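Q: Top line first, the protein sequences correspond to chains R and W.
Each number in the numbering used here comes from the position in the first sequence (counting from 1) with 3 added on.
Each number in the numbering used here comes from the position in the second sequence (counting from 1) with 635 added on.
Calculated directly from the structure, the hints in this document are not laboratory data.
For clarity, every value in this text was computed on a predicted model and none was experimentally measured.
Certain hints may be false.
According to the in silico footprint, chain W covers these stretches of chain R (three or more CB under 8 Å from chain W) [to be verified]:
{"#": "1", "segment": "41-49"}
{"#": "2", "segment": "102-112"}
The calculated label-pair distances, taken between Cβ atoms and stated as ranges, are [to be verified]:
{"#": "3", "chain 1": "R", "residue 1": "Q22", "chain 2": "W", "residue 2": "T673", "range": "25 to 35 Å"}
{"#": "4", "chain 1": "W", "residue 1": "T673", "chain 2": "R", "residue 2": "D8", "range": "32 to 42 Å"}
{"#": "5", "chain 1": "W", "residue 1": "S657", "chain 2": "R", "residue 2": "Q22", "range": "33 to 43 Å"}
Each residue gets a CB set at the ideal place from its N, CA and C atoms; glycine is no exception.
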Amino acid sequence: GQNIDQPTEMTATEGAIVQINCTYQTSGFNGLFWYQQHAGEAPTFLSYNVLDGLEEKGRFSSFLSRSKGYSYLLLKELQMKDSASYLCAVSPGNTGGFKTIFGAGTRLFVKA
Amino acid sequence: KAGVTQTPRYLIKTRGQQVTLSCSPISGHRSVSWYQQTPGQGLQFLFEYFSETQRNKGNFPGRFSGRQFSNSRSEMNVSTLELGDSALYLCASSLDIGSYEQYFGPGTRLTVT
Numbered sequence: 004g005q006n007i008d009q010p011t012e013m014t015a016t017e018g019a020i021v022q023i024n025c026t027y028q029t030s031g032f033n034g035l036f037w038y039q040q041h042a043g044e045a046p047t048f049l050s051y052n053v054l055d056g057l058e059e060k061g062r063f064s065s066f067l068s069r070s071k072g073y074s075y076l077l078l079k080e081l082q083m084k085d086s087a088s089y090l091c092a093v094s095p096g097n098t099g100g101f102k103t104i105f106g107a108g109t110r111l112f113v114k115a
Numbered sequence: 636k637a638g639v640t641q642t643p644r645y646l647i648k649t650r651g652q653q654v655t656l657s658c659s660p661i662s663g664h665r666s667v668s669w670y671q672q673t674p675g676q677g678l679q680f681l682f683e684y685f686s687e688t689q690r691n692k693g694n695f696p697g698r699f700s701g702r703q704f705s706n707s708r709s710e711m712n713v714s715t716l717e718l719g720d721s722a723l724y725l726c727a728s729s730l731d732i733g734s735y736e737q738y739f740g741p742g743t744r745l746t747v748t
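Produce the entire structure from the sequences given, and follow the hints as far as they go.
A: Here's what the structure looks like:
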């Protein structure tokens, strides 16, 4: 079957670093996405990994290991506004499109 | 450049009725995807349209349907509404079928009573 697992909740302190893990089991793999979703708002795109390794984009970095079915999102220099849900999503198979499977999301609380 | 727009933003319907939701993608974007988001199931893929053709479909019953027009605007329809259809319906657009960066609209909050 298709399955994406990520922790339900995490808490971290302002200014710190937090790593949100995601493991997946899907039939085929096109790429892995990370989205940020603030309460009551639509998800916003953070990153997309196709190849193994680390992709850095400002305070946010995303890592992928295809052989392990594993990814993480790293948030540095945490700010209060980073309190949100972080969604891991996989585009499986060779559909050439976005038949995307989403994880349930990790709710991150940033405290002062 | 305007973002993805969805109408209506909120909707209350009764069981058994049908509903049509509308999505206008970002200008120039040709791919539109629809998702259902509920607290229990999270974000689930409904379908994706490109050039007026459905390219991918999620695991939803036939009561859920959609279409895309020549100007890339898209509509989704849910017939014979059930209480479990209460959800936030999100539309996302991307430049092309091979483009990975999707932009989500604000969603339509559907409540079925």
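Q: Each hint: holds or not?
A: Going through the hints against the structure:
1. 41-49: Satisfied; 5 residues make the cut.
2. 102-112: Holds: 7 residues of the segment 102-112 of chain R have a Cβ under 8 Å from chain W.
3. R:Q22 / W:T673: 25 to 35 Å: For T673 (chain W) against Q22 (chain R), whose Cβ atoms are near 28 Å apart, the range 25 to 35 Å holds.
4. W:T673 / R:D8: 32 to 42 Å: 19 Å, violated
5. W:S657 / R:Q22: 33 to 43 Å: 39 Å, holds
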